[in-house]
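K.L.:
Chain A is fixed; fit chain B onto it per the hints.
Protein chains: 2
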Amino acid sequence: VMESWSFLDTVESNFRPLVVIELAKGTKEETIEWFTKRIVDKKANGGAQLLIKPLVTENGVENIYLVGASHLRLLLGAETVGLVKECSDNSMRTFTYSSRKTFKHFADDNHNFLTMAECQYIIKHELENLRAKNEKMIPGYPQAKLYPGKSIVRRLLTSGILVQIFPLHDREELKKLRHSWYGRVKVGYQPLDDIRCYFGETIALYFGFLEYFTFALIPMAVIGIPYYVFAWEDYDKYVMFATFNLLWSTVILEVWKRICAILTYRWGTLLMKRQFEEPRPGFHGVLGINPVTGREEPVYSSLKRQLRIYLVSLPFVCLCLYFSLYVMMIYFDLEQWALDYHKENESNFSSLMLYVPSIIYAVVIEIMNRIYRYAAEFLTSWENHRLESSYQNHLILKVLVFNFLNCFASLFYIAFVLFDMKLLRQSLATLLITSQILNQFAESLLPYWLQKRYNRRMKKRMCSQKTDKDLSLAEQVNMEKEMGTYLGTFDDYLELFLQFGYVSLFSCVYPLAAVFAVLNNITEIYSDALKMCRVYKRPFAEPTANIGVWQLAFETMSVISVVTNCILIGMSPQVDALFPDSKMDLVLTVALVEHLLLAVKFIMAFVIPDKPRDIQMKLAKLEFESLEALKQQVRAFQMQL
Amino acid sequence: VMESWSFLDTVESNFRPLVVIELAKGTKEETIEWFTKRIVDKKANGGAQLLIKPLVTENGVENIYLVGASHLRLLLGAETVGLVKECSDNSMRTFTYSSRKTFKHFADDNHNFLTMAECQYIIKHELENLRAKNEKMIPGYPQAKLYPGKSIVRRLLTSGILVQIFPLHDREELKKLRHSWYGRVKVGYQPLDDIRCYFGETIALYFGFLEYFTFALIPMAVIGIPYYVFAWEDYDKYVMFATFNLLWSTVILEVWKRICAILTYRWGTLLMKRQFEEPRPGFHGVLGINPVTGREEPVYSSLKRQLRIYLVSLPFVCLCLYFSLYVMMIYFDLEQWALDYHKENESNFSSLMLYVPSIIYAVVIEIMNRIYRYAAEFLTSWENHRLESSYQNHLILKVLVFNFLNCFASLFYIAFVLFDMKLLRQSLATLLITSQILNQFAESLLPYWLQKRYNRRMKKRMCSQKTDKDLSLAEQVNMEKEMGTYLGTFDDYLELFLQFGYVSLFSCVYPLAAVFAVLNNITEIYSDALKMCRVYKRPFAEPTANIGVWQLAFETMSVISVVTNCILIGMSPQVDALFPDSKMDLVLTVALVEHLLLAVKFIMAFVIPDKPRDIQMKLAKLEFESLEALKQQVRAFQMQL
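Residue numbers (full-length UniProt numbering), protein chains in the order written: chain A, 1 to 641; chain B, 1 to 641.
Misleading hints may appear alongside valid ones.
Intra- or inter-copy, both count: the list cannot distinguish identical chains.
List of simulated lysine-lysine pairs, DSS-like, C-alpha gap at most 30 angstroms [as the list claims (entries may be wrong)]:
#1 K145 / K631
#2 K304 / K618
#3 K621 / K631
#4 K621 / K43
#5 K273 / K618
#6 K460 / K25
#7 K304 / K621
#8 K133 / K621
#9 K631 / K42
#10 K150 / K631
Rather than coming from a laboratory, the hints here were simulated on the basis of the structure.
The following block holds chain A by itself, in its conformation from the complex (with noise of 0.2 angstroms):
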């Protein structure tokens, strides 16, 4: 059936709000007027043919509107972002309009063909597209300058007339979600497939990576716990325990990058084709020529932020890094004192005391972490990319440095300069729990706690006694509106990023470390699942078909834990006293072993394939069709001749 486009003029009988957009208090009737309009003109017209409404609360219309389509709307927008569904010979791919019927599930009337987060993914996409024609700036505010083809949404968004768009939460599938995720207690995998379709692929890769993290960590877990158990200290034991590691951490991350393949290849988003990169939300300059699209939008010299970045950036960078060193110093003076308190005054208090400096100091590393990374991210902003690729890919760099000396640094000094293997463990030990619990509480607990507090004052407020089930549309809006906004799965990654490093680089020091990093992976896919579902406004779906710059950051890590476990092991007096005669040969010894290992794992990481083999035929089976598809349409045409 081929519905005409005037049918989606008309507002549907059953409106479905799937996004919400919140204007700013006192936005001109005219704006409104405009954007409304907008929002729903025809796309010949260069609208985005979608449906809104205004939320009419108990307080009359407060500038908040329902976005909606109807369903032909968002089979055609699915075209446009270029999906990837399962057809009914189980094969994945892009889907068109015109081809529908042979996919599966799809039948006109089965509205649940397209998920809600997909839905809503589709309409965040229309609304951003939604470009400029003639108008010179937003109607009724002049100072909001627009030029042609600039999008609407972020000029109000960085004009401050539109505060946030957000996608509403489906109050059933979150509770059914809920209780299959975390609302039982049981063993088991995660509901993966089921967290993509309600919170979109870059969420539920990073529970399948915490997951499968976890389940990676446990062998050498087990392996780590007899050493505590029995105080195993010796030498071939070690050895075993940091190769065993090494090789491990190596292959699980190759591991990894074939079950992330067979996980996106399922959800479609390893077929997905890259879509053209718009200039960020932020992105300021003069208006010009850009060279690649022959548009006119605002440029920004590449020279110019060249230097922002060298002449600035880089010097504070530096700075923070010297300041974390120097920080570092004073906590070696308190660990002084605190040996000196305890030599003198020995009692329980005092062997207490000794670790106090750590725990500070592990409190102080998380705050200065945070700090950083408000510092890190104006400064990237200041920079002004062009690309939120680019964008992320400097403030990703600036932190993982800045993070990486401030966690590690300490420990290296202990390690390779005061030699002292005691203090390391102790300080390891310290380092990784505290700032584990830290991370549990300010991550998760402290904004649910706070959510919980504050909504339980809305529905006082409210003066109402009903259950979440029971809440309008209204209230609905009215609560999510207020809650924290999820800002991507980056604090998430650098967390792990960081207990990674803290369980290989000094592995064969303190094997307990893959114990705490499994225990608290555990509860911290629990505490982040309550975070999803509970504290944070449901986020906007992102497609994505790997992890992106972490696979990288965890390889690199991967490769300097070698080098510390060679040399942590070289020094150890068990090792020290196998070669009694020179001390030449144990550091040649050390170091043809570690070129050893360094040249295994990069031959393992060039042998394992990237992709298991049966994605791979599914993947050539694809090209081939495409590239006889093309093929035949060159015969056809040359045919016509």
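P.N.:
Relative to the frame of chain A, chain B by itself:
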């Protein structure tokens, strides 16, 4: 003007022979008839729609056929193979017949729009894609089985009915190319664009790399000369030389990627889409269903191949490596004997005798490399790889590992077991120079001389006193078909790879190596050019966008050379003297420096972009355009609804 396909049916009056097909003597009439019919048959009937003419010589018909094509047919073929040409607005675009008017230098009567090499490549592609329909066998040869979709030409080749297919030289063009390439003594660049037009991108890229590599070695050679002239044995200077060498070798490999991108963008191959890879000619197996294409074709169990690789090839390679090490030990015995002889009767003759073992060993190495090469080819072919790329990768891996060990094992042994720097220098010099002389002789001069002698005899037999220019087509074909076949750039790259090893692995011991490498490469350019133009049959052009696995091989060599050079510097007595108290400190310092250098290398490789900015912009522009076009298509389709 839309010409009809029937236009192609009539043999054009200006038939231009492009490709020669030589069938075996005594090929059955019915086979010839069937084959030529398939070649000239219409595309709609599954033919190649080319033109074919038997070659008539004084001795009558000799089963040699000349293949050509009409201008229109070649243009359509250019679209099929996906050639990328320059447009009138200087951008590079995939050629399509319908957009032909937008391309630079295109005119309906300009038969030089496609270069001769491109025409020959198109004809080769069309011939290879001539596929069996319902034939179960080649008519007249029941043992030469066919199945639907099997390439006819490949079956004819493997069953020996088709002796060879090769493109004809263009005497006029070749003369011009020879003149500008090596005909006159001049200092300057090679005419890479002309080489590319005549021989195709793979060969032009090899000569481009050879030239670039020679230029890149010049700074190393210039810095190396004073070390020899002034006999500098100073520690600082060696360290400086080695450090410069290491960073320089990283820089030149990274910069090559950029230059390669510039060259291949200009030639259009950077943008060419990868074609679907068909099974290689030698691949055999039982008929089955290919899971990727869904077609019936021979399949061969992957398990069987793995067994062949790990149970036969791997042990064989190990055996060869062992044998090579055994020969090396014999060389050291010889070396010892020569030294003893020199000590007993000191004379000019005896000091000359000191070099004899190295020279003999160098010759033996060369011979072993060549024998092993054949064995490796045989084994890899027996492993029965389905794809040419997989075959090539396994072959290159086998050959590289063996050649590396064969050439450098003795040097490693001298350096790191015997610690004899004087012998290392002498051995390195002898190996390098001898192998260079042998290579130049065996690869170019010997075949050239043989070819010359053969040509003279041919001409005498034909009882003609004509010069090259006046040769009739028949005489030209007869002469060219007897010439050797150029087997690809493998050996040439391998030679450069080993040379790079000699120059970089032990650079701080023998700074003069770079000088010899430069001298060798200058003559190498000339002798390789001579080889291409005079000794071998013209090879088919092969589009390529980079030097492939060789980039990786060179980069690996450069990583290994960091390790060797650091150790060598650490072992030098001058550095030793800097750490009089503790050998430990020396070793630790060397290890630290090595790790820093490796880190710098990886960071440099990461930071230097693989493509220059303007090429990146042009590629982004093309991508943007194609995405826009796709969007327009989707939009246009949606408008119709």
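K.L.:
Now tell me if each hint is right for this structure.
P.N.:
Hints, one by one, checked against the model:
1. K145 / K631: between (47 angstroms within a copy, 27 angstroms between copies)
2. K304 / K618: between (46 angstroms within a copy, 22 angstroms between copies)
3. K621 / K631: both (15 angstroms within a copy, 25 angstroms between copies)
4. K621 / K43: between (35 angstroms within a copy, 26 angstroms between copies)
5. K273 / K618: both (16 angstroms within a copy, 20 angstroms between copies)
6. K460 / K25: within (24 angstroms within a copy, 101 angstroms between copies)
7. K304 / K621: between (47 angstroms within a copy, 23 angstroms between copies)
8. K133 / K621: between (42 angstroms within a copy, 22 angstroms between copies)
9. K631 / K42: between (36 angstroms within a copy, 17 angstroms between copies)
10. K150 / K631: Between copies, since 17 angstroms is at most 30 angstroms while 38 angstroms is not.
Going down the numbered hints, you'll see the structure goes against none, and every one checks out.
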